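Novice: Got chain Y sorted already, so can you dock chain P onto it with the hints?
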Amino acid sequence: MELEVLVDFGPKPNEETLNETLKKLKNTEGVKEVQYKDGTFMVETVLPSSLVLNMVSESTGKRTVLQGFGESQSAVASVTSALGCGKSSGVMGVVRFQQTAEGPLVVDGTVDGLKPGEHGLHVHEAGDLSQGCKSIGGHYNPLGTVHGAPTDGRDRRHAGDLGNIVADDMGRATFRILDDVLKVWEIVGRSISISDRRDDLGRGDSPESKVDGASGDSVACGIIARSAGIFQNPKRICACDGVTVWDERDRPLAGAGRRSTSPCCNRELGGGDAQKKTCCKV
Amino acid sequence: MFWYIFVAIVATASAQTDETYRAIAYLRSETITGNVTFTETEDGVRVQGWIHGLDAGNYGFHVHELGDIGDCLATGAHYNPDDVTHGARDNEVRHVGDLGNVRFEGEGVEAVAIFDYVDSVIALRGRNSILGRSLVLHEREDDLGLTSHEDSLTTGNAGARVACGVIGILAPNGPWNSAARFVLTKSSLILILSNVLANRN
Numbered sequence: 001m002e003l004e005v006l007v008d009f010g011p012k013p014n015e016e017t018l019n020e021t022l023k024k025l026k027n028t029e030g031v032k033e034v035q036y037k038d039g040t041f042m043v044e045t046v047l048p049s050s051l052v053l054n055m056v057s058e059s060t061g062k063r064t065v066l067q068g069f070g071e072s073q074s075a076v077a078s079v080t081s082a083l084g085c086g087k088s089s090g091v092m093g094v095v096r097f098q099q100t101a102e103g104p105l106v107v108d109g110t111v112d113g114l115k116p117g118e119h120g121l122h123v124h125e126a127g128d129l130s131q132g133c134k135s136i137g138g139h140y141n142p143l144g145t146v147h148g149a150p151t152d153g154r155d156r157r158h159a160g161d162l163g164n165i166v167a168d169d170m171g172r173a174t175f176r177i178l179d180d181v182l183k184v185w186e187i188v189g190r191s192i193s194i195s196d197r198r199d200d201l202g203r204g205d206s207p208e209s210k211v212d213g214a215s216g217d218s219v220a221c222g223i224i225a226r227s228a229g230i231f232q233n234p235k236r237i238c239a240c241d242g243v244t245v246w247d248e249r250d251r252p253l254a255g256a257g258r259r260s261t262s263p264c265c266n267r268e269l270g271g272g273d274a275q276k277k278t279c280c281k282v
Numbered sequence: 001m002f003w004y005i006f007v008a009i010v011a012t013a014s015a016q017t018d019e020t021y022r023a024i025a026y027l028r029s030e031t032i033t034g035n036v037t038f039t040e041t042e043d044g045v046r047v048q049g050w051i052h053g054l055d056a057g058n059y060g061f062h063v064h065e066l067g068d069i070g071d072c073l074a075t076g077a078h079y080n081p082d083d084v085t086h087g088a089r090d091n092e093v094r095h096v097g098d099l100g101n102v103r104f105e106g107e108g109v110e111a112v113a114i115f116d117y118v119d120s121v122i123a124l125r126g127r128n129s130i131l132g133r134s135l136v137l138h139e140r141e142d143d144l145g146l147t148s149h150e151d152s153l154t155t156g157n158a159g160a161r162v163a164c165g166v167i168g169i170l171a172p173n174g175p176w177n178s179a180a181r182f183v184l185t186k187s188s189l190i191l192i193l194s195n196v197l198a199n200r201n
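First to last, the sequence lines map onto chains Y and P. In terms of full-length UniProt numbering, the first sequence opens at residue 1 and continues consecutively. In terms of full-length UniProt numbering, the second sequence opens at residue 1 and continues consecutively.
Fair warning: there could be bad hints in the mix.
Unchecked claim - Just the calculated beta-carbon pair ranges, DEER-fashion:
#: 1; chain 1: Y; residue 1: Lys210; chain 2: P; residue 2: Thr41; range: 30 to 40 Å
#: 2; chain 1: P; residue 1: Gln48; chain 2: Y; residue 2: Gly30; range: 37 to 47 Å
#: 3; chain 1: P; residue 1: Glu42; chain 2: Y; residue 2: Met170; range: 46 to 56 Å
Stated by the list, open to error - Which stretches of chain Y does chain P cover? Using the computed rule of at least three CB atoms under 8 Å from a CB of chain P, they are:
#: 4; region: 127-137
#: 5; region: 185-194
#: 6; region: 211-225
No wet-lab data here; the hints were simulated from the structure. The structure presented is a predicted model; accordingly, all values stated were derived computationally and were not measured. Ideal Cβ positions, reconstructed from N, Cα and C, are used throughout, including at glycine.
Okay, chain Y solo, but in the shape it has when bound (with noise of 0.2 Å):
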């Protein structure tokens, strides 16, 4: 696993310090390699994260923070009952996905736009939306087994059933699912869809019940794509304006707390075109 480790060095690291601590990192039992660059140390190490964040610290004397992994944890998907991107009108929403560390996948939404009460969500096979949702095959299945509820176990529910989840008397449905079955990184590239109806489970006694929960067609979906950190945010991209991610949480996100040459951080938060820099290598 390769970690990035953000040193608070200031302007410019001390030159001893900072080969002192490319040493004492390359002389540690189970760090495969070291480089520093930009203020980062890029450490390919079998070690616990903790450890290594302790190691630079204490080597340097300056503050850390561990900025990444070599291997993300989130992903994201757009869900319309339109086609890609732009403006639609209907069904709309985001749902996030996160894998903890060793914990279980979770599944944070809100969608706008749906017919209140239950709707069956599930992750479907393919990413294909060529034909909108009628295109994105089956719910994810590697097992081959019966539909389900989540809470099943593995060998009695498909992979990508989430259950139901509730829109309110406004059409808007806010939920986040716990589920220790799929992984987040098998399903990037695959999509989610919001079912017509109640998914009953496996339950009911109908021959789609054993299929899809007879819980109807997709009235909204989107392909489940990579995505920055649930912890990055606009201003932490755009650390381009000298406002470092150490003094960012107590700045505002934009407006007069930030310096004036901003151009990207604003972009990034909704400003024009124009203010274009090419420290955001849009």
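Specialist: Coordinates of chain P only, in the frame set by chain Y:
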């Protein structure tokens, strides 16, 4: 934990079937429609597709790092895991996501871009995987890193994004195993563990 899972994934990847791996991106905006498929071949990934909705001309065509297509702006930069400069598709130095331009031909609303080529850099599985990222069509021609414009070596000065779509699985429908393995790049994914923050405070 993730390390062990990853090892397990790699270990089982050898048990793949011979089925051809295919991905698809459906491009859509208010005026643009396009369908692009990606097929694994021995020489690379075959890119086939059509797009209509723009006037005749060349338009920048790139794979962006992320697939958050809420407004086409959250898709991040060109997919560039090697942190190199922008270039043409056949350049040695290029972003993985640099697919150059697509060429629209024809009169007015009849104009259409049709393309079919094999790219040896992008992949559907492994490190250079484009799965779950986004395919973006730009408003202008990509200058392929050749002009003196300040954006030439980062974006090819191709301007705003006019249509985009997430690259999703077309087939096979079963597990892709290593396919969805994530690769972290420098400009991406600043992930800070809450417990690290907690320790700091």
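Novice: Evaluate each hint against the coordinates.
Specialist: Here's how the hints hold up against the structure:
no. : hint                           : verdict
1   : Y:Lys210 / P:Thr41: 30 to 40 Å : holds, 38 Å
2   : P:Gln48 / Y:Gly30: 37 to 47 Å  : holds, 46 Å
3   : P:Glu42 / Y:Met170: 46 to 56 Å : holds, 54 Å
4   : 127-137                        : holds (count 5)
5   : 185-194                        : holds (count 7)
6   : 211-225                        : holds (count 4)
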